[in-house]
Amino acid sequence: MSKFFTSSIGRKYAMALSALFLMFFLLQHFAINILSVFSPNAFNEASHFMGTFWAIQYVMQPILIFGVMYHFIMGFILEIKNRNARVVKYAKNNGSANSSWMSRNMIYSGLAILGFLVLHFIDFWLPEINTKYIQGDMSGLLADGEGYRYYEELTHKFVNPLRVGAYILAFVFLSLHLMHGFSSAFQSSGVSSMRKEKLQAFGKAYAIIIPLGFILIALFHHFNH
Amino acid sequence: MNLTLKIWRQKDSKTKGQMVDYKVTDISEHMSFLEMMDVLNEQLVNSGEEPVAFDHDCREGICGMCSMYINGEAHGPDRGVTTCQLHMRMFKDGDTITIEPFRAKAFPVLKDLVVDRSSFDRIQHAGGYISVNTSGNTQDANATPISKHDADEAMDAATCIGCGACVATCKNSSAMLFVGAKVSQYALLPQGQVEATDRVKNMVAQMDLEGFGNCSNTGACEIECPKGISLENIARMNRELLKATFKS
Ligand code: HEM
Ligand code: SF4
Ligand code: FES
Chain C
1 MSKFFTSSIG RKYAMALSAL FLMFFLLQHF AINILSVFSP NAFNEASHFM GTFWAIQYVM
61 QPILIFGVMY HFIMGFILEI KNRNARVVKY AKNNGSANSS WMSRNMIYSG LAILGFLVLH
121 FIDFWLPEIN TKYIQGDMSG LLADGEGYRY YEELTHKFVN PLRVGAYILA FVFLSLHLMH
181 GFSSAFQSSG VSSMRKEKLQ AFGKAYAIII PLGFILIALF HHFNH
Chain D
1 MNLTLKIWRQ KDSKTKGQMV DYKVTDISEH MSFLEMMDVL NEQLVNSGEE PVAFDHDCRE
61 GICGMCSMYI NGEAHGPDRG VTTCQLHMRM FKDGDTITIE PFRAKAFPVL KDLVVDRSSF
121 DRIQHAGGYI SVNTSGNTQD ANATPISKHD ADEAMDAATC IGCGACVATC KNSSAMLFVG
181 AKVSQYALLP QGQVEATDRV KNMVAQMDLE GFGNCSNTGA CEIECPKGIS LENIARMNRE
241 LLKATFKS
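Listed in order, the protein sequences are those of chains C and D.
Under UniProt numbering, the first sequence has 123 at position 123, and the numbering climbs by one with no breaks.
Under UniProt numbering, the second sequence has 242 at position 242, and the numbering climbs by one with no breaks.
Think of the hints as simulated: they come from the structure by calculation, not from any bench.
Mixed in with the good hints there might be a few duds.
Unchecked claim - Straight-line C-alpha distance at most 30 Å; calculated DSS-like pairs for lysine-lysine: (1) C:Lys92 x D:Lys6; (2) C:Lys3 x D:Lys243; (3) D:Lys23 x D:Lys11; (4) C:Lys89 x D:Lys23; (5) D:Lys6 x D:Lys105; (6) D:Lys16 x C:Lys81; (7) D:Lys243 x D:Lys148; (8) C:Lys196 x D:Lys247; (9) D:Lys6 x D:Lys171.
Said to hold, decoys possible - Chain D regions said to be covered by chain C (calculated; three or more residues, Cβ under 8 Å): (10) 64-77; (11) 207-213.
Remember, predicted model here, so these are calculated numbers, not experimental data.
No residue lacks a Cβ here, since even glycine has one placed at the ideal position from N, Cα and C.
If we strip away everything but chain D, and leave its shape as in the complex, we get (with noise of 0.2 Å):
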């Protein structure tokens, strides 16, 4: 299929961007949405332009790297996928495909598609962990039981792969269902106990200082999230900041 591309071009941060008009002929349905776009830069590094740039890394659907913004929906328009497993098909012969990078504050565009999630990683460092001596005396996997409920949820928590679709798409740019999700991961389980007042809350005010916006339960994240975390983990969260603020 033939397609007319719109592609947000920036030089780097400091620079003003613009949407660019770009053509692409011969894409097979098959092919990945990634893989259009390596179509794309190679016809313009064949032409001597600068190839644009975006974030890519697995292309399994499991690294959270790839991101994009595509026709109005983080990740494009199919369900419970990153932009690396969005398929052409998805597509029809002749459509015109925005495509921009992830918006929001505590995201700054980089580099044409790419932008800075480093704000995640700092709001990881903040709490999203547990201090335990892992080196040497390995517990038994059992030793601890844990209830098969609690397992399951904290495991659905701890899919989420930090690829921020849910910032791009909320609109307040909320962090909420990442942190929500980050949080609940460790809330539901008795290994997190330990350090759970001071997480939640150094977690909370780290997302605050980075200028993330606030929740307005729109939902609209956890339909866009490729990993279908819930807003159950929100609610989650909430409750956890109102316990730890009780608590100290």
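Pulled out of the complex, with its shape left as it was, chain C reads as follows (with noise of 0.2 Å):
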């Protein structure tokens, strides 16, 4: 068993069970941002939920961290090791006369996302954290207690017509990240083909609409503040 996840197949199961999990996260989370367009009251329901429940902040919350981590530093040293296996590079490589540019630049898209994710960590994590366990309020009211907290913070980011625009290159190369990555995860986990096509088609819809939709969120909350 242990030389299974040592050996490239292994790896490659591996990366692609974290990939998966980051798939259905980013669902997940789409859900509760989009009810913030709809409905304040619901998206700070959904906000408080998840911000203080147990099971999603010492389990589930620690599996993304841990999850996202190994993806990220499994992307490095994949690409590492692959870069290591070409010594002497072609002086001539028609690259796309065979393959995607998403499938070829997995590690710019990865990077990209890397960079936004410190951003984020920056804009929502952190001040979450230490207004939760530093500060020790659990309560998630405002600082005059009417009412819950998360809408106000939310719409006070997207103010910075900068952080805006950070957000939505970020998403252009979450889309072309998931572009090749929906149907790869599949691939590498050794689904059959007869059913990839249909899996295919679903992941390029899942791949534009997602982070379109979170493109569409961040306007949103800026153009109507």
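Since each chain sits alone in its own frame, please combine them into the complex, following the hints.
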């Protein structure tokens, strides 16, 4: 078993597993964010639940953090190994003749996402941890105690056009990452090609709709403020 | 037609190589790419220069010996062909053609365009066979029924000629299409079941040992493969390895 996870194929399975988990997480994140457009109340309720329910905080959150870390660290390791597998590069290489740009540049779209994640952590995650676990305020209420703080905090973040621009750019890269990544994760997990055709169409839809949705949510709050 | 060739010249595996320009004239569009190389070499020999070393054997697309990375693609711009089956009509008069050896750490250059692909042989030796006694007691071919579907897929996988274009093309120099094909051709048949667990484990272990990269599912290999070996074979190898891991 230990040999499996250090083999090239075992690594691919683990990479695909972490990616599938991330894509599931993204869907759930999207479902909550979209509430902010239609109902600030529902968004507040959902955020409070996610931010305080023990199973989410102490089970899912650590799994997520591990999943993200595993994914990008293994991404870097694979990239280095793969580069080393060809010592002398080709003088002329026509990559576009046989593969998509997205599939050849997963490391760059991934790096763009990683840059975004750092910004995202500073924007939302660190303040949350600070309020809840350092200041010990688990109430989720605004400073004046009038209702929940989550919707307020969200809309504030999208005032600065530079931040909105950075978010949009990051989601374009996420879309490119998933354009290849979605079907790639299933191929790595050994899913047979008959089922894969439908999955591929679904994957393309996912890779466009979800990032586009996040972009529209950011723009909505920017212009609605 | 008249062509400019940019060819990788390297004296031996220890010496550093470089690209060298050559000119060939009056090339017929009906020639194969290797015949064009023969014309160049004749020219070089006549002028007292060292001819360009390149691999070839059958010249009919079945042995997998001919290699070459032509204008940035393994076996050149045509699809479903080896270099010996690539015709000069794929090029135009006045073209500049870049010709390099297949590049991968696991395929070291021996001389000019000749690379050492014995890493493939070692992967085959690690499990790409079935152990049956074939001397004097040949079984009736129909004694073991096999579904048409499985027989066809096994046959498709078995058409892999071990040319290494998949490795040369892959941005990661991964050998998974080749190993996937070799694992699949037995995994699909009852005769392959006896040694299935060890086969996939040993072949994958040898593949990793040889220094090939990891598959990123770009799909470039299946496009450039002269035999149209499908990515499905890699998915099957992944399933086989998972199965083998749980079995033992
Ligand atoms: C944190 C920054 C990230 C980096 C540096 C990164 C990097 C990479 C790299 C290099 C690969 C290709 C691995 C290979 O060679 O097969 C990859 C695959 C993938 N990534 Fe990411 N990624 C990141 C974030 C994400 C996120 C947030 C998601 C999804 C929401 C995601 C989804 C995927 C998927 C689905 C694959 C395909 C997996 C496979 O081929 O088995 N990635 N990533
Ligand atoms: S899979 Fe195709 S490209 Fe790779 S060695 Fe076999 S025939 Fe050649
Ligand atoms: S020389 Fe045999 S396949 Fe080209």
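Status of the hints after comparison with the structure:
1. Annotation: proposed proximity of C:Lys92 to D:Lys6 holds, straight-line Cα distance about 10 Å (limit 30 Å).
2. With a CA separation close to 14 Å, the supplied pair C:Lys3 and D:Lys243 stays within the 30 Å bound.
3. A C-alpha spacing of about 20 Å is found between D:Lys23 and D:Lys11, which places the hinted pair at or below 30 Å, so the restraint holds.
4. With a CA separation close to 24 Å, the supplied pair C:Lys89 and D:Lys23 stays within the 30 Å bound.
5. Annotation: proposed proximity of D:Lys6 to D:Lys105 holds, straight-line Cα distance about 22 Å (limit 30 Å).
6. The straight-line distance between the Cα atoms of D:Lys16 and C:Lys81 is roughly 23 Å, inside the 30 Å bound, and the hint therefore holds.
7. A distance of roughly 24 Å separates the Cα atoms of D:Lys243 and D:Lys148; the hinted pair therefore holds under the 30 Å criterion.
8. Of the supplied pair hints, the one linking C:Lys196 and D:Lys247 holds, its CA atoms being roughly 26 Å apart against a limit of 30 Å.
9. For the given pair, D:Lys6 sits about 22 Å from D:Lys171 by alpha-carbon distance, which is consistent with the 30 Å threshold.
10. Here's how the region 64-77 of chain D fares: 5 of its residues keep a CB closer than 8 Å to some CB of chain C, so the rule of at least three is met and the hint holds.
11. Counting residues of the region 207-213 of chain D whose C-beta sits closer than 8 Å to any C-beta of chain C gives 5, which meets the bar of three, so the coverage hint holds.
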